[in-house]
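My request is simple: use the sequences and hints to build the entire structure.
Protein chains: 2
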Amino acid sequence: MVAEPPIEENVRPDDRIDDERLDEENTLKADYVRNVRGLLDAGDKGGVYDLVEPLHPADIADLFELCDENERRDLAVAITDLMSSDVIAELNDYVRETMMEALPAEAVALIAEQLENDDAVQLIEDLDVADQQAILAELADEDRVAIESALAYPEETAGRLMSREVVAVPEHMTVGGLIDFLRENVDLANDFYEVFVVDHIHHPVGTCQLSWILRTPRHIALSDVMKRDQTLVPVGLDQEEVALMFQKYALISAAVVDESGRLVGQMTVDDVVHIISEEASEDALLMSGAGEGDINEPIREAYGSRVRWLIANLGTALIGSLIIAAFGAAIEKLVALAILMPIVASIGGNAGTQTMAVSVRAIAMNQLTEANTLRILWREFRVAVLNGVTIAVLIGAATAAIFTPMLGAVIAVAMVINIITAGLAGVLVPVIFERLKQDPAVASSVFVTMITDSMGFFAFLGLAVVSGVAS
Amino acid sequence: MVAEPPIEENVRPDDRIDDERLDEENTLKADYVRNVRGLLDAGDKGGVYDLVEPLHPADIADLFELCDENERRDLAVAITDLMSSDVIAELNDYVRETMMEALPAEAVALIAEQLENDDAVQLIEDLDVADQQAILAELADEDRVAIESALAYPEETAGRLMSREVVAVPEHMTVGGLIDFLRENVDLANDFYEVFVVDHIHHPVGTCQLSWILRTPRHIALSDVMKRDQTLVPVGLDQEEVALMFQKYALISAAVVDESGRLVGQMTVDDVVHIISEEASEDALLMSGAGEGDINEPIREAYGSRVRWLIANLGTALIGSLIIAAFGAAIEKLVALAILMPIVASIGGNAGTQTMAVSVRAIAMNQLTEANTLRILWREFRVAVLNGVTIAVLIGAATAAIFTPMLGAVIAVAMVINIITAGLAGVLVPVIFERLKQDPAVASSVFVTMITDSMGFFAFLGLAVVSGVAS
Chain X
1 MVAEPPIEEN VRPDDRIDDE RLDEENTLKA DYVRNVRGLL DAGDKGGVYD
51 LVEPLHPADI ADLFELCDEN ERRDLAVAIT DLMSSDVIAE LNDYVRETMM
101 EALPAEAVAL IAEQLENDDA VQLIEDLDVA DQQAILAELA DEDRVAIESA
151 LAYPEETAGR LMSREVVAVP EHMTVGGLID FLRENVDLAN DFYEVFVVDH
201 IHHPVGTCQL SWILRTPRHI ALSDVMKRDQ TLVPVGLDQE EVALMFQKYA
251 LISAAVVDES GRLVGQMTVD DVVHIISEEA SEDALLMSGA GEGDINEPIR
301 EAYGSRVRWL IANLGTALIG SLIIAAFGAA IEKLVALAIL MPIVASIGGN
351 AGTQTMAVSV RAIAMNQLTE ANTLRILWRE FRVAVLNGVT IAVLIGAATA
401 AIFTPMLGAV IAVAMVINII TAGLAGVLVP VIFERLKQDP AVASSVFVTM
451 ITDSMGFFAF LGLAVVSGVA S
Chain A
1 MVAEPPIEEN VRPDDRIDDE RLDEENTLKA DYVRNVRGLL DAGDKGGVYD
51 LVEPLHPADI ADLFELCDEN ERRDLAVAIT DLMSSDVIAE LNDYVRETMM
101 EALPAEAVAL IAEQLENDDA VQLIEDLDVA DQQAILAELA DEDRVAIESA
151 LAYPEETAGR LMSREVVAVP EHMTVGGLID FLRENVDLAN DFYEVFVVDH
201 IHHPVGTCQL SWILRTPRHI ALSDVMKRDQ TLVPVGLDQE EVALMFQKYA
251 LISAAVVDES GRLVGQMTVD DVVHIISEEA SEDALLMSGA GEGDINEPIR
301 EAYGSRVRWL IANLGTALIG SLIIAAFGAA IEKLVALAIL MPIVASIGGN
351 AGTQTMAVSV RAIAMNQLTE ANTLRILWRE FRVAVLNGVT IAVLIGAATA
401 AIFTPMLGAV IAVAMVINII TAGLAGVLVP VIFERLKQDP AVASSVFVTM
451 ITDSMGFFAF LGLAVVSGVA S
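Heads up: the sequence lines are chains X and A, in that order. Each step along the first sequence adds one to the number in the UniProt record's numbering, with nothing skipped, and position 464 is 464. Each step along the second sequence adds one to the number in the UniProt record's numbering, with nothing skipped, and position 375 is 375.
Among the hints, a few may not be true.
The list makes no distinction among identical chains, and a pair is therefore deemed to hold if it is satisfied within one copy or across any two copies.
Cut-off 30 Å, straight-line C-alpha distance, at most; resulting in silico cross-link-like pairs (BS3-like, lysine-lysine) [as the list claims (entries may be wrong)]:
1. Lys227 <-> Lys333
2. Lys248 <-> Lys29
3. Lys437 <-> Lys248
4. Lys437 <-> Lys227
5. Lys333 <-> Lys437
It should be emphasised that the hints constitute simulated quantities derived from the structure, not laboratory data.
Spelled out as C-alpha cells, the structure:
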C-alpha cells in the first residue's frame with residue numbers, strides 16, 4: 001500500500017522500536033535485555049549506550065528494574081547523559097532509593113535540580129534525614145524551599161504529591177490577555193491542562209479548561225468562560241482519597257488548597273494514575289499478607305512483612321488444632337473424620353475469601369457504606385446458601401457412597417453451616433475493621449480464616465459426635 | 001477571618017455540600033440516603049427532587065447504587081430531568097443494565113442521543129442484540145453509524161472505548177490558524193487535551209498539547225510546535241494494554257489508529273482511569289475466585305462464578321484427603337497427627353498465596369518478564385527459606401513441648417519443605433499460566449492451594465511414618 005512507508009517512517013515510531021526491543025505488550029524483550037547485560041558484563045559501555053539510546057525514558061527505567069542490583073550501577077555509569085529526569089521519575093521506588101543511596105549527595109542534588117519539584121520530593125523523601133539534609137544543602141534556595149515545604153506535609157498526602165507550578169490568573173483578565181500572558185511568561189510549567197482563576201487573596205473562584213480558552217474570542221472575560229463549581233483538593237487529603245476524587249469526578253487536574261482556602265498547587269491525573277493503580281492493587285497484596293508486595297522490595301523487608309502474617313496465621317491454625325484435639329477420641333474411633341475435616345475447613349476458607357475480596361473492594365471504592373451494609377449482608381447470605389447447598393450435595397453424596405450415609409449427612413450439614421458462616425464473616429469482618437478506622441484489607445483474612453477453620457472443624461466433628469457416627 | 005465568607009460562598013462548594021450530604025470521603029451519608037428512600041417510599045417525588053437536585057451527577061449515580069432495585073425505578077421517575085448523560089455514564093454497569101432493560105427502546109434511545117458516543121456504546125453494549133437493534137433504529141443516522149462501528153470492535157478494545165471526536169488538523173496550519181479554526185467550529189468536542197496533526201491520508205504525524213499552542217505566537221507553524229514521536233493506540237488493543245500504556249507513558253490522551261495507520265479516534269485518560277482501577281483490582285477478586293466481584297452483580301451470576309471455584313477447590317481438597325487416607329493407619333496410632341496436619345497445610349497455603357499475589361501483580365504490571373523470572377524465583381526461594389525456618393522453629397518447639405521432640409522435629413522439617421514449595425509454586429504457577437496465554441490471576445490459586453495442601457499433608461504424615469513417631 002502507498003501509505004505504508006510514511007507509516008513506518010513517521011507515524012508509528014513505537015512500532016518501529018517494537019520490532020527490535022519491545023514486544024506487543026510494550027515490554028522490553030528478554031533477548032534485548034540479555035544483550036544489554038552481556039555488554040555490561042563485558043564492560044562495553046559504548047555498546048550499551050548505543051543499545052539503550054533509542055529507548056523511551058519509561059523503558060530505560062524498566063531496563064534498570066530488569067537488571068540485577070550490581071548491574072544497575074554500571075548501567076547508570078554507561079548511559080549517564082541518558083539518565084533524564086523522566087527516567088528517574090519512572091523508576092520503581094525501591095530501585096530508585098537503592099541507586100540514590102549509592103550516589104554521593106552532590107550527584108543526587110544534581111539530579112534533583114533537573115526534576116520537577118514533585119518528582120524531586122519523591123526522589124529524596126525515602127532517604128534518611130541526614131542524606132536529605134546533605135542533598136537539600138546542595139540545592140538552589142528556590143528548589144530547597146519548595147521541597148522542604150512539601151516534605152513538611154505527611155507522606156501520601158496531596159501536599160507531598162502536588163506540583164507547585166500552577167497557572168493562576170485574576171478574574172477580570174480576558175481570554176486574549178491570558179493568551180498574551182502565557183506567551184510572555186516562558187518560565188511557566190510546560191504542561192498544564194487548566195488555568196485557575198483566583199481572587200485577590202489567591203482563593204480559587206473558577207477554572208478554565210484550555211480547550212474552552214482556545215475556542216473563545218479574545219475579548220471575552222475569563223469570568224464568563226470559567227466553571228465556578230470546581231473540585232478542590234484539601235492539601236492534607238490522603239492520596240487514596242485524592243485518587244478516588246479523580247476517578248469519581250473524572251478530573252484531569254485539580255487545584256490544591258490550604259486550610260485557609262488559598263491555592264497552593266495542583267494535582268494532575270498523570271501523577272494520580274500511579275496512585276489509582278497502587279491503591280487498587282494493594283488490597284490483593286494486603287489480603288494475602290504480602291505487605292508492599294513489590295518484586296523490587298529488599299528481601300529483608302519482604303520477609304518481615306510476610307512472616308508477621310504467617311505467625312498470625314499460625315496462631316489461628318492452633319485454635320483449629322485445639323478444636324480438633326477436643327474431638328481426639330472421636331477421631332481415634334473413626335479416622336474418616338480426620339480424612340474429611342480439612343475439606344470442610346478449606347472450602348469454608350475459600351468461600352470466606354471470595355466474599356471478603358468483594359467486600360474489601362467495595363469498601364475501598366466507597367460502594368459499601370453504612371447505607372447499604374444490611375442489603376449486602378442479606379445478598380451474601382443468599383449467595384452463601386446457594387453455594388453451601390450445592391457443595392453440600394456434592395460432598396454429602398460422595399461421602400455417603402464411600403463411607404456411610406450418616407457421615408454424608410453430617411459433612412453436608414457442616415458444609416452448609418460453614419459456608420454461610422464464611423459468607424457473613426466475609427462481609428462483617430471487613431465492615432467492622434472499616435468502622436474501627438482500620439484498613440479492612442490488612443487484618444480481615446486472618447480473622448475470616450480463623451472463623452472458617454474453627455467453624456469447619458467444630459461443626460463437622462461436633463455433628464459427628466452428636467449424631468453418633470463416631471461412636 | 002475576613003476570608004471565610006467568600007470561601008464558604010464560592011471557593012469550596014464541595015465542602016458546603018459535604019456538611020449535609022457527603023462525608024469527608026465524598027461518600028453520601030447514610031442519613032441523607034435514608035431520607036431520600038423515606039420520601040421515595042412515601043411517594044413524595046417533589047421532596048425527593050429537592051433533596052437530590054444539588055448533587056453532583058457522580059453522586060446521583062452513587063445514590064442509585066445505594067438504593068434497592070425496586071427503589072431505583074421510582075427514583076429515576078422522580079428526578080427525570082436530573083438524569084443527565086453524566087449520571088448515566090457514571091452508573092455502575094450492572095445497575096445501568098438493569099435500569100435500561102426496564103425502559104422501552106425509545107426512552108433508552110433518547111438517553112443515548114444525549115450521551116457522547118463512547119458512553120452511548122457503554123450504555124447499550126451489554127443489552128441483548130434485539131434490544132440493541134430496537135434502540136439503534138431510534139437513533140439519528142450519524143449516531144447510529146458511530147455506535148455500530150464501535151460495536152463492530154471486540155469488547156474491551158480501544159475501538160470500543162475510544163471517542164470518535166478528535167481535533168485533527170493539517171501540518172502546514174499555523175497556531176493562529178488553528179485557534180481561529182477552533183473558535184469557528186462550535187460543533188467540535190467540548191473537552192480535548194491535545195490536537196492531532198495529520199497528513200493528507202489522515203495518518204497522525206505529530207501532536208500538540210494545548211498548553212504549547214497557547215504559549216506559541218500565532219504565526220508559528222504547528223509542524224514547529226508539535227511532538228513527532230507520539231504513542232499511538234492500535235484500534236484493536238485490549239483495554240488492559242491501553243491502561244498500561246497510559247500509565248507507563250503518563251498520557252493524558254492518545255490517538256487511536258486503524259490497521260492502515262489512519263487516525264480513527266482518541267482515548268482520554270478520564271476514561272482510562274476506570275479501566276486502570278478495574279484491571280488493577282480484578283486480580284484480587286479473580287485470585288479469590290469471586291469472578292467479577294461487583295456488589296451489584298445479580299445473585300445468580302455471583303453464585304455461578306463463585307460456585308465453580310468452590311467445586312474446583314473441592315476437587316483439590318479431595319486430593320489432600322486421599323493423601324491423608326493413605327496414612328489412616330498412622331493417624332489411628334497417633335491422633336496427634338490429625339491435630340497437627342492442618343497447621344502445616346494452612347501455613348503453606350498462606351505462604352503460597354503471598355508469593356502468588358506478588359507474582360500475579362508483577363506479571364500484570366509487566367514487571368515480571370522472561371528477562372527476570374529466574375532472579376525473582378531465586379528471590380522468592382530465599383524469602384521462603386527465611387519464613388520456613390522461622391515458622392518451623394516456632395511450631396517445632398511448641399510441638400516438642402506439648403507432644404514429643406521427635407514429632408516437633410517432624411513438623412518443623414515438614415513446615416520448611418512446604419513453605420519452600422509454596423514459594424516456588426507461587427511464582428511458577430502464575431508464570432506458567434502467563435506463558436500459556438492464560439490469565440494467571442484466574443486459575444493460579446486453585447493449583448497453588450492444591451500443591452501446598454497435598455505437600456503439607458504428605459510431607460508431615462510421610463515424615464511421621466518414616467521417622468517412626470507414628471509406630
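Legend entry - Hint check against the structure, violated hint numbers in rising order: 1, 4 and 5
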